[in-house]
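Work out the full structure: start from the sequences and follow the hints.
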Amino acid sequence: MNVDIVTEKIALGYLVKVKGDVDMNSSTEVREAFGQVFKQRSSAMKALVVDLSQVRYMDSSGIATLVEALQTCMKQGLQLRLADLSPPVKDVFELARLASVFEIYISLNDAMAER
Amino acid sequence: MNVDIVTEKIALGYLVKVKGDVDMNSSTEVREAFGQVFKQRSSAMKALVVDLSQVRYMDSSGIATLVEALQTCMKQGLQLRLADLSPPVKDVFELARLASVFEIYISLNDAMAER
Amino acid sequence: MTELVALTVPSHPKFLYLVRNVVYPLAVNSGFSKKEARKIVLAVDEACSNIIKYAYAGDATKTISITVTNETDHISVRLIDLGRKVDAAKIAPRELDDVRPGGLGTHFMGAVFDSVVYDTGQDQGTVLTLLKKKKIVGPGA
Amino acid sequence: MTELVALTVPSHPKFLYLVRNVVYPLAVNSGFSKKEARKIVLAVDEACSNIIKYAYAGDATKTISITVTNETDHISVRLIDLGRKVDAAKIAPRELDDVRPGGLGTHFMGAVFDSVVYDTGQDQGTVLTLLKKKKIVGPGA
Ligand SMILES: Nc1ncnc2c1ncn2[C@@H]1O[C@H](COP(=O)(O)OP(=O)(O)O)[C@@H](O)[C@H]1O
Ligand SMILES: Nc1ncnc2c1ncn2[C@@H]1O[C@H](COP(=O)(O)OP(=O)(O)O)[C@@H](O)[C@H]1O
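Protein chains in written order, with the working numbering: chain F, 1 to 115; chain C, 116 to 230; chain H, 231 to 371; chain X, 372 to 512.
FYI, nobody ran anything at the bench for these hints, they're computed from the structure.
Just so you know, not all the hints are guaranteed correct.
Below, computed lysine-lysine pairings styled on DSS-like, alpha-carbon distance capped at 30 Å [what the hints assert, rightly or not]: (1) H:K363 with X:K505; (2) F:K19 with H:K265; (3) X:K406 with X:K424; (4) F:K19 with F:K75; (5) H:K315 with H:K362; (6) F:K17 with F:K46; (7) X:K504 with F:K90; (8) C:K134 with C:K205; (9) X:K504 with H:K292; (10) H:K365 with C:K132; (11) X:K385 with X:K461; (12) X:K385 with H:K362; (13) H:K362 with X:K433; (14) H:K365 with C:K205; (15) F:K90 with X:K456; (16) X:K385 with H:K264; (17) X:K505 with H:K292; (18) H:K244 with X:K461; (19) H:K362 with H:K244.
Every value quoted in this text rests on a predicted model; they were computed, and no experiment measured them.
Following this line, the structure appears as structure tokens:
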């Protein structure tokens, strides 16, 4: 109910679009969406792109979910690209001083560009 | 804070655009905006058009304000035209069974057309 | 299943939006449509306005307590004030064809809720209980 | 001027959005910027999550009470639970350069609020008081 997740196959690998509130109630759904992507893992896959432009709220459980995804990506030799952070996401990244830990792209286009 | 009101001079007379919540806290502001229009009254003025498309909420104090405005309009020989009722406004009109009392226009364009 | 949410606000109309902010999503999450939820919010808002106007005669320094209980087959909203007791016999929604400002609030409450009960049996103030049944979709739903 | 709003919700994470729905506009209306208000909401949400996780060990049938008090020079948010008492000595926000999931909630509370006080002096549970000063614009503002 509070979060809407859409996963799409893209040239680079997968795009996960997260919309709504990512809190203790809904972060499990985000984690499951990432889990699905990791299951589809193939050698052609280069990156997991996460569109955060429609996130209205994110708390530490959302951050924890992203940190876990980053750790799985690193193990699997994948890039985790976070795109177009909404103001509430920027706030929580700022407070957690996480901006340097993640690969953050200003726009979804930038994040989806092959590199 | 909960309501935003913009008044414009138009060919027919005046257009009042109401945005936000019209409740016991803010209906006075709407009443005052109508009062300003009634003060500007000239013989060239035919109608007071009220754009209700951006009203997120309206309660009985909002209805009371519109009924008062209708009464003043009738005394002054003016038309009161309500345009583009938002769903919450439609709800409260339905519950108050007021749809037949007011001149209601589906769109602002219709309401602003000379007749 | 009984889920109870309680909100207490000062008896000033500037806090009515908070009541709406709480009641609307609770009504939607209890299974009412958006349109039904909007009407529930309207009726509760009118009940709060009446407490401010009549029970407290405009005194903004008192409090209004609202509890929303989500049960399997209904939602109930209870409004508690510590003001002048309601004379329930005097509360009569006006005839709708009498077009004039005022008199609509109690009509809305009756039109939206299945039951509207004023209880003045406490030492102080009034407890107003509004109850609306859910449309049960299937057996055990 | 003291304005008090109180909200009580079940200790289930699906009610956290209600806490946010109430705290955000109160913070904005008390004079905080939208960005500050978002951070206040975040810290309060984390405090509620911790009550659910630690004080109630995931039991969703208990209650969390939140009061928000808007004073002339500060806003204070008080969270009351009736669960296992906090061992305040054990609550230490983790070092931020230790990148791992978890340990951020208490860091957020400390970063956002000017004071964070856990009181276990009651018979049952914990009272957490979060306080944030307003930037006073002029004398007497
Ligand atoms: N909480 C209350 N306490 C005392 N009297 C009330 C209360 N609520 C309603 N009333 C009485 O019922 C009448 C009808 O109320 P209502 O339908 O809300 O319309 P209005 O407030 O516009 O008159 C009021 O005028 C008032 O006399
Ligand atoms: N209300 C509470 N009751 C008991 N222990 C708590 C409470 N809040 C926090 N703690 C303790 O403080 C630690 C840090 O909490 P926090 O920073 O919110 O991160 P996390 O919950 O992710 O571990 C928790 O792991 C827990 O041991």
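Comparing the hints with the structure gives:
Among the hinted pairs, H:K363 with X:K505 is inconsistent with the structure: their alpha-carbon atoms are about 45 Å apart, more than 30 Å. Distance hint between F:K19 and H:K265 is fulfilled; the C-alpha atoms sit about 23 Å from each other, no more than 30 Å. The straight-line distance between the Cα atoms of X:K406 and X:K424 is roughly 27 Å, inside the 30 Å bound, and the hint therefore holds. Distance check on the hinted pair: F:K19 and F:K75 sit about 27 Å apart at the alpha-carbon level, within 30 Å; holds.
For the given pair, H:K315 sits about 24 Å from H:K362 by alpha-carbon distance, which is consistent with the 30 Å threshold. For the hint linking F:K17 to F:K46, the alpha-carbon distance of about 17 Å falls within 30 Å, and the restraint holds. At roughly 23 Å between alpha-carbon atoms, X:K504 and F:K90 fall within 30 Å of each other, so this suggested pair holds. A C-alpha spacing of about 15 Å is found between C:K134 and C:K205, which places the hinted pair at or below 30 Å, so the restraint holds.
A distance of roughly 25 Å separates the Cα atoms of X:K504 and H:K292; the hinted pair therefore holds under the 30 Å criterion. Distance restraint check for H:K365 and C:K132: the Cα-Cα separation of roughly 38 Å exceeds the 30 Å cut-off, and the hinted pair is therefore not satisfied. Restraint check: the Cα-Cα separation between X:K385 and X:K461 comes to about 27 Å, which is no more than 30 Å; the hinted pair holds. The hinted pair formed by X:K385 and H:K362 meets the criterion: a straight-line CA distance of about 22 Å does not exceed 30 Å.
Using a Cα cut-off of 30 Å, the hinted pair H:K362 and X:K433 holds, with the two alpha carbons roughly 25 Å apart. With a C-alpha separation of about 23 Å, the suggested pair H:K365 and C:K205 falls inside the 30 Å cut-off, and the hint holds. This hinted pair does not check out: F:K90 and X:K456 have alpha carbons roughly 33 Å apart, beyond 30 Å. Pair hint X:K385 plus H:K264 holds up; C-alpha atoms about 19 Å apart against a cutoff of 30 Å.
As the CA atoms of X:K505 and H:K292 are separated by approximately 25 Å, the hinted pair is consistent with the 30 Å bound. Distance restraint check for H:K244 and X:K461: the Cα-Cα separation of roughly 41 Å exceeds the 30 Å cut-off, and the hinted pair is therefore not satisfied. The hinted pair formed by H:K362 and H:K244 meets the criterion: a straight-line CA distance of about 26 Å does not exceed 30 Å.
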